[in-house]
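Asks: With chain D fixed as given, assemble chain V onto it according to the hints.
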Amino acid sequence: MSTHRLANGGLIDRAQPLSFSFDGQAYAGFAGDTLASALIANGVNLIGRSFKYHRPRGILTAGSEEPNALVELRTGARREPNTRATTAELYDGLVAASQNRWPSLQYDIGAVNDWLARFLPAGFYYKTFMWPAKFWEAVYEPLIRHAAGLGRAAGAEDPDHYEKAFAHCDVLVIGAGPAGLMAALAAGRAGARVILADEDFRLGGRLLADRYEIDGKRGLDWVAQAETELASLPDVRVMRRTAVTSVFDHGQYTAVERVNDHVSVPPEHEPRQRLWKIVAKRAVLAAGAHERMVAFGNNDRPGVMLASAARAYVNRYAATPGRRIAVFTNNDDGWRTAADAHAAGIEIAAVIDSRAEPPGEFRALGIKAITGAHVSHVHGRLGVDAIDVVENRRAIKVECDALAVSGGWNPAVHLTCHLGGKPVWTEEIAAFTPGTLPPGMHVAGAANGALTLAECLTGGMAAGAMAAVECGYPMASISLPRASDEPAAIAPLWHVKESRAKAFVDFQNDVTVKDIALADREGFSAVEHLKRYTTLGMATDQGKIANVSGLAILAEFSGRNIPEVGTTTYRPPYVPVSFGVMAGHHRGRDFRPIRLTPSHQWAEEQGAVLSARWREGLARNGQP
Amino acid sequence: MRIPCPFCGPRGNDEFTYLGDAIVQRPDPAAPEAMQAFHDYVYLRENPSGLHQELWFHGSGCRSWLVVTRNTRTHEISEVKFAGRRGEA
Numbered sequence: 004m005s006t007h008r009l010a011n012g013g014l015i016d017r018a019q020p021l022s023f024s025f026d027g028q029a030y031a032g033f034a035g036d037t038l039a040s041a042l043i044a045n046g047v048n049l050i051g052r053s054f055k056y057h058r059p060r061g062i063l064t065a066g067s068e069e070p071n072a073l074v075e076l077r078t079g080a081r082r083e084p085n086t087r088a089t090t091a092e093l094y095d096g097l098v099a100a101s102q103n104r105w106p107s108l109q110y111d112i113g114a115v116n117d118w119l120a121r122f123l124p125a126g127f128y129y130k131t132f133m134w135p136a137k138f139w140e141a142v143y144e145p146l147i148r149h150a151a152g153l154g155r156a157a158g159a160e161d162p163d164h165y166e167k168a169f170a171h172c173d174v175l176v177i178g179a180g181p182a183g184l185m186a187a188l189a190a191g192r193a194g195a196r197v198i199l200a201d202e203d204f205r206l207g208g209r210l211l212a213d214r215y216e217i218d219g220k221r222g223l224d225w226v227a228q229a230e231t232e233l234a235s236l237p238d239v240r241v242m243r244r245t246a247v248t249s250v251f252d253h254g255q256y257t258a259v260e261r262v263n264d265h266v267s268v269p270p271e272h273e274p275r276q277r278l279w280k281i282v283a284k285r286a287v288l289a290a291g292a293h294e295r296m297v298a299f300g301n302n303d304r305p306g307v308m309l310a311s312a313a314r315a316y317v318n319r320y321a322a323t324p325g326r327r328i329a330v331f332t333n334n335d336d337g338w339r340t341a342a343d344a345h346a347a348g349i350e351i352a353a354v355i356d357s358r359a360e361p362p363g364e365f366r367a368l369g370i371k372a373i374t375g376a377h378v379s380h381v382h383g384r385l386g387v388d389a390i391d392v393v394e395n396r397r398a399i400k401v402e403c404d405a406l407a408v409s410g411g412w413n414p415a416v417h418l419t420c421h422l423g424g425k426p427v428w429t430e431e432i433a434a435f436t437p438g439t440l441p442p443g444m445h446v447a448g449a450a451n452g453a454l455t456l457a458e459c460l461t462g463g464m465a466a467g468a469m470a471a472v473e474c475g476y477p478m479a480s481i482s483l484p485r486a487s488d489e490p491a492a493i494a495p496l497w498h499v500k501e502s503r504a505k506a507f508v509d510f511q512n513d514v515t516v517k518d519i520a521l522a523d524r525e526g527f528s529a530v531e532h533l534k535r536y537t538t539l540g541m542a543t544d545q546g547k548i549a550n551v552s553g554l555a556i557l558a559e560f561s562g563r564n565i566p567e568v569g570t571t572t573y574r575p576p577y578v579p580v581s582f583g584v585m586a587g588h589h590r591g592r593d594f595r596p597i598r599l600t601p602s603h604q605w606a607e608e609q610g611a612v613l614s615a616r617w618r619e620g621l622a623r624n625g626q627p
Numbered sequence: 024m025r026i027p028c029p030f031c032g033p034r035g036n037d038e039f040t041y042l043g044d045a046i047v048q049r050p051d052p053a054a055p056e057a058m059q060a061f062h063d064y065v066y067l068r069e070n071p072s073g074l075h076q077e078l079w080f081h082g083s084g085c086r087s088w089l090v091v092t093r094n095t096r097t098h099e100i101s102e103v104k105f106a107g108r109r110g111e112a
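From first to last, the protein sequence lines stand for chains D and V.
Our numbering applies: residue 4 is where the first sequence begins, and numbers increase by one.
Our numbering applies: residue 24 is where the second sequence begins, and numbers increase by one.
Chain D extracted, bound-state conformation (with noise of 0.2 Å):
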């Protein structure tokens, strides 16, 4: 039994135990497990080195979003670098590598960065590297090749195919969460075409990962349900595995599904990843959100994870992130990471809520709570021995070897934005969310700033019957399941004040709040100038973590409120795309078509030189 599994729950299939490799080291999971998930149940919190600093990191999220936890996934032909291990699917021989780091995961010689951080602030490369003008091509540029990236490319043909595939509908619903899947759902009774498109591999959303009960059942029920009954309609295709990445115009969407990414080589003849062009009339987009973190002293630990990813892990993965878990948090969701785990058996040091009054629905459970208090600093280097709690200005120490944060929601607002939308500030719930929306889009739920579940369902069936109308078909009868409003206040917290140590915003370019304050103090004071400095929000992540708090914070030491400084573009890809999928069939000799003149033969046979493209006859016998 690997050490942080828990005894019983998940969504794992305990009969068929997988074995993996993480750096050469033989590790045991089961199927349904991810890679993260599977390395959390083991014990391993310490997955990779940072890009700037090599400061050692762990897993902080459990989806797409995920910043920190890239390996290098597959080898020889098929190595697939800055993979990240909270979406990668477990199998069995699965082999992953950290990156980024030398001699080794544990001692990085990169790392003297670390200390040599007063060197290299936020643009340091812009004053350092500017003179003298000769240094540049002998010196300069060779230094900055050997240290930027993460991952090395596989640097050999890649052996599998991928494809590019259309589809066309009336209604595609982006999510299936709880609002997708009553999208999809009220949409696909009404008669209307239906695509429902989720990047996991499972349906259900965040209901695979919290314990919210639907109709009196558990969740886990109800979307198991759902499931049955659109696979029964005949116009509904469920495509799971497919993240859909961007949006163009006039109906047309992109989407990547990973055909075969959870096999070690692909079955022969199917693709390793499919390109869809998906053409619809109605757009339902129930994305959800994406939780954020808190800007402390040495928050970038291992050990140190979002309290939505800790709820995750315990629930849908029943592996725990640690023995003893501390939770920080601004608003009521925070404290549900507490309770599930409580609930599961595990030690919960104490619940840390900046706000003075928890809420009273989890003051039943007798969990410690210190209110009122922001955690300052975190001790440890490779994992989490203790943190600094700061409360009424005394700092206690409290010991814990996991720590869940919880800084609030951003709804997924980044496929209203490719059609040049701007997404509103919505104080209510402390985040942006959709502004004016592409023509023909619905946005339903979490990404609609609507964070609670009986709001989720409302809203998807709202949006999902709404489509199906304006495409024509009648509206369907569809009644709505019950469900808890369950609290959802949050008081705004970006960063802790009292922190000494780095406190990061930019977990993938390692940008903390100091850098922010460096470029506001320098002039770069405008989003988009903010990001270009410091490279807030650059990283493959895209920023889905470190935008809006790396925003707020400039807002906070520019005397600006958010709105007034507004979000930098969100563009398309919503997730990393490889070169591989975007290619397709186009490469080598099929990169181009070869056409070929009538006489082709006969010049061949006078042994002409062929021009590439037209194979036509050029010379002959050498001689033009």
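These are calculated hints, taken from the structure and not from any lab test.
Among the hints, a few may not be true.
In the DSS-like style, the derived pairs of lysine-lysine whose C-alpha atoms are separated by at most 30 Å in a straight line are [stated by the list, open to error]:
1) Lys104/V <-> Lys280/D
2) Lys500/D <-> Lys400/D
3) Lys220/D <-> Lys400/D
4) Lys137/D <-> Lys280/D
5) Lys284/D <-> Lys104/V
6) Lys284/D <-> Lys400/D
DEER-style ranges, computed between Cβ atoms [unchecked claim]:
7) Gly32/V <-> Gln228/D: 37 to 47 Å
8) Arg96/V <-> Glu473/D: 21 to 31 Å
9) Glu216/D <-> Glu77/V: 24 to 34 Å
10) Pro579/D <-> Asp63/V: 46 to 56 Å
11) Ser83/V <-> Thr572/D: 29 to 39 Å
12) Glu56/V <-> Trp605/D: 28 to 38 Å
Every residue gets a Cβ at the ideal spot worked out from N, C-alpha and C, and that includes glycine.
Replies: Relative to chain D, chain V alone:
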């Protein structure tokens, strides 16, 4: 982007080839200021922010030349007509 071809129905833009501005008229070569008129015809284009008429060729479909009225700010297509029948009512 999708163009509603009056013959084939709405199709993806990869079926079409863009030619350019549909407004320019070939000047009369016999006219007195023909050189200047031809210079303007070849080189000068409006760059409107808003409605714009442009020629598209539906090469992978019905092989018709079309005049597409498109809003350059929103990409919204408000009208598509056959180019060959422009003179007809």
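Asks: Now tell me if each hint is right for this structure.
Replies: Evaluation of the provided hints:
1. Lys104/V <-> Lys280/D: Measuring from Cα to Cα gives roughly 27 Å; hence the hint holds.
2. Lys500/D <-> Lys400/D: Holds - the C-alpha atoms of Lys400/D and Lys500/D are around 17 Å apart, at most 30 Å.
3. Lys220/D <-> Lys400/D: violated (41 Å)
4. Lys137/D <-> Lys280/D: Answer violated: Lys137/D to Lys280/D is near 48 Å, above 30 Å.
5. Lys284/D <-> Lys104/V: holds (22 Å)
6. Lys284/D <-> Lys400/D: Violated: Lys284/D and Lys400/D sit about 57 Å apart, past 30 Å.
7. Gly32/V <-> Gln228/D: 37 to 47 Å: The hint (37 to 47 Å, Cβ to Cβ) holds, given that Gly32/V and Gln228/D are roughly 38 Å apart.
8. Arg96/V <-> Glu473/D: 21 to 31 Å: holds (24 Å)
9. Glu216/D <-> Glu77/V: 24 to 34 Å: At roughly 56 Å between Cβ atoms, Glu77/V and Glu216/D fall outside 24 to 34 Å, so the hint is violated.
10. Pro579/D <-> Asp63/V: 46 to 56 Å: Given range 46 to 56 Å: holds, Cβ gap about 47 Å.
11. Ser83/V <-> Thr572/D: 29 to 39 Å: Between Ser83/V and Thr572/D, where Cβ atoms are some 33 Å apart, the hint holds.
12. Glu56/V <-> Trp605/D: 28 to 38 Å: This hint is violated: roughly 53 Å between Cβ atoms.
Hints 3, 4, 6, 9 and 12 from the list above are not met by this structure, while the remaining hints are.
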